[in-house]
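Visitor: Residues per chain are reported as follows:
Number of protein chains: 2
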Amino acid sequence: MKLEMICTGEEVLSGQIVDTNAAWVANTLMELGIEMQHRVTVGDRMDDLVAAFQERSKYADIIIVNGGLGPTSDDMSALAMAKAKGEELVENVQWREHLEDWFARNNRVMAKSNLKQALLPASAVMVDNPVGTACGFRVKLNNAWLFFTPGVPFELKHMITEQFIPFITEEFGVQEKSALEKLLTIGHGESSLADTLSEITLPAGIELGYRSSMPHIEIKIFARGDSAIRQLSDVTTQVKALLGCAVVAENRPTLAAEIHHRLYQSGFSLSVAESCTGGMITSQLIDFAGSSSYLHHGLVTYSNESKVKVLGVNPQILDDHGAVSIQTVEAMAQGVRGILDSDFALATSGIAGPEGGSDDKPVGTVAIALATKHGVYSQMVKLPKRSRQLVRSMSTAIAYDMLRRALLEEAVIVDYPSIPRFAK
Amino acid sequence: MKLEMICTGEEVLSGQIVDTNAAWVANTLMELGIEMQHRVTVGDRMDDLVAAFQERSKYADIIIVNGGLGPTSDDMSALAMAKAKGEELVENVQWREHLEDWFARNNRVMAKSNLKQALLPASAVMVDNPVGTACGFRVKLNNAWLFFTPGVPFELKHMITEQFIPFITEEFGVQEKSALEKLLTIGHGESSLADTLSEITLPAGIELGYRSSMPHIEIKIFARGDSAIRQLSDVTTQVKALLGCAVVAENRPTLAAEIHHRLYQSGFSLSVAESCTGGMITSQLIDFAGSSSYLHHGLVTYSNESKVKVLGVNPQILDDHGAVSIQTVEAMAQGVRGILDSDFALATSGIAGPEGGSDDKPVGTVAIALATKHGVYSQMVKLPKRSRQLVRSMSTAIAYDMLRRALLEEAVIVDYPSIPRFAK
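Those protein sequence lines, which keep their order, are chains A and B. For the first sequence, my numbering assigns the number 1 to the initial residue and increments by one for each residue that follows. For the second sequence, my numbering assigns the number 425 to the initial residue and increments by one for each residue that follows.
So here's chain A without its partners, still in its complex pose (with noise of 0.2 Å):
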């Protein structure tokens, strides 16, 4: 099956707008086994998008042709596919009746325009959008099936989940079943790893896949065809024994998504000191609803002053080993952890450049600790040549790995092959 996507608006083929449907939808695909072969984006321009669709439908076995549903002018994908097809748009009175009970729902008029919804090919197939005014549809030309979706990325992904997936599935037959494990893993590079998995046979039907989204790279175990999804958890333990320590979640988006979950079912509570990850290590989790119930602060003591002041940190101590210091770290986490008496504190400190270094401590010197209740873990890495916002991301991702180990009652600290330490 030959799979395509069409993206369509002035938005998103002049840059104001970044294409992340299209990245989502072969993503999604892909993940199923679905590879996409060919993408085209068009403005709203009528000769463009009918080229477009007499073009691409001579090659693919399935197009999906993304945005152009709305009511305004420049919305002219059904338009465009009729002339494609050289068929009228007719009134489709089943999305009529849609639209004019959703307004009614909503206590909102609907204006003239949105009726422009209900317009489709004369040979169109009407698909569902449960969540959304854009009426989905779909128009064989040639040899392919033209999947129509609505720009808004919600009612996308509902489209593409619910109807889509589905359709391929029946029309083509072809899907097989399948299934994926995914490892996040921290202190490799993408190489390392591939030549530490090398060792692993892999049985016929499951492949091993890299993305790299740093501080992170994840690993993808896919698995095609019913014996190779049997023996997709043998693999995964296989490739999790082999890595050891640098698997830090499994089907998991981030670091900090793992964390929040582990947190919020423990119990215990967290308090926060930053300085140079800036208040990185607390947002990530507020992102998160439900942080409120374990997270006590997160204070991003950036002076001296405010690491005295706030957390109770000695001034001998800044004044002797300096405010990067594996000594400074440590007051830090056991200042912020003895103001609320949290279960754990986390705490970092660091040169995240690109100013600031010396030749004792470097731009990308960073010192990280973990306080509990029964005591302090620190360490000092080396993240050399590295941007700020790197430095400040890998730093994150190795405190939250302190924190996630000392949840599972593991050594705290552990050595990563690409992220050196200062000899403490």
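If you are wondering where the hints come from, they were derived from the structure by calculation, not from laboratory data. Where is the CB? At the ideal position from N, CA and C, for every residue including glycine. No false leads were mixed into what you were given.
Computed, partial: chain A to chain B, Cβ under 8 Å:
1) 14
2) 23
3) 30
4) 42
5) 278
6) 296
7) 305
8) 306
9) 309
10) 355
11) 388
Subject to a maximum C-alpha distance of 20 Å in a straight line, what follows is the list of computed SDA-like cross-link-like pairs (lysine to any residue):
12) 2(A) x 469(B)
13) 2(A) x 475(B)
14) 309(A) x 732(B)
15) 361(A) x 390(A)
16) 2(A) x 434(B)
17) 785(B) x 292(A)
18) 482(B) x 55(A)
19) 606(B) x 14(A)
20) 644(B) x 17(A)
21) 58(A) x 474(B)
22) 809(B) x 132(A)
23) 606(B) x 17(A)
24) 385(A) x 556(B)
25) 644(B) x 620(B)
26) 482(B) x 59(A)
Fit chain B to the known structure of chain A by using the hints.
Guide: For chain B alone, kept in the frame of chain A given last:
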């Protein structure tokens, strides 16, 4: 001049990477008045690349091809171009010497595979890449110049700015002089901005554009040609007069950048106490190198206990008025300002949702305060029907704007049409 783009690479097509290169190129050229007309995205398959080059070169005058210039086997742009034109790959001696020199300078041994990067189609004109090992080039096929650029964003940006734009300026001679003013606004919807500005009679050659990047809408005032450029400043003044306090920055990408710039230059210090914004006010400033010169600390006092212990908020205030109240947020701002006697302090407390609302204070209720050495200013706004993320980013923008206005010695609190306030 018809400009198109062909993006190559499995990772971009399959959605492993969101195609920010395409958006950057289109947006950069749009700001010069050159419109992107069509974009094709293909994977690393020879037939698809050859077909795209042959097909699109019939329609376009110039095609930017991005990616596929690296040393590995899935980098096949040069070979595909040679096949599309029916010619051989030929070693470019100048680039081979450049590669040898580059590796020697960097004390690295050149792998044999890198020599591939000096192989160009026979009729290609080399395009210099002073910041990487991938050689750019251009080839004429059918109606079009195909202009090959590296996939690494940093290298692409150099090549577009330093090589591509001068080339099309000379080759097509079409580029009139142009100039652009960008105004960042908050508190108005796009249609409200457009309505307000409809009373300006725009001189020939001047166009207005809108770009929504919530919580902001950016207005672009684009002038093409000498006469329009001379009138750009007048039009900008008119726009600003009509929009009043909606305009919060000029030619800055974000309001945080504006605040960073003003604080950095002013010598004033800032402290922040955040609840619902969860560190966003602090972390957007820490993104900028140099923020340590003015930022004392940013305390995310998420729990009531933390507001009392860390900021010194009187527990009676929390009992009487609740955490989300004018009284609490004023006490937070005054408390955090007092710790290190900062010149300014911002504080937020609100209900970001999706849970936690009440009839009195529904989700989207946010109290925001600014404390100075001379007093405290506060307001409680209503941001209903927004996502958790948007409640937080709009609250951050309003807090920044209060500080911005204080730094300008203007009224701290103003009316934004789309953001209602609770009566005090």
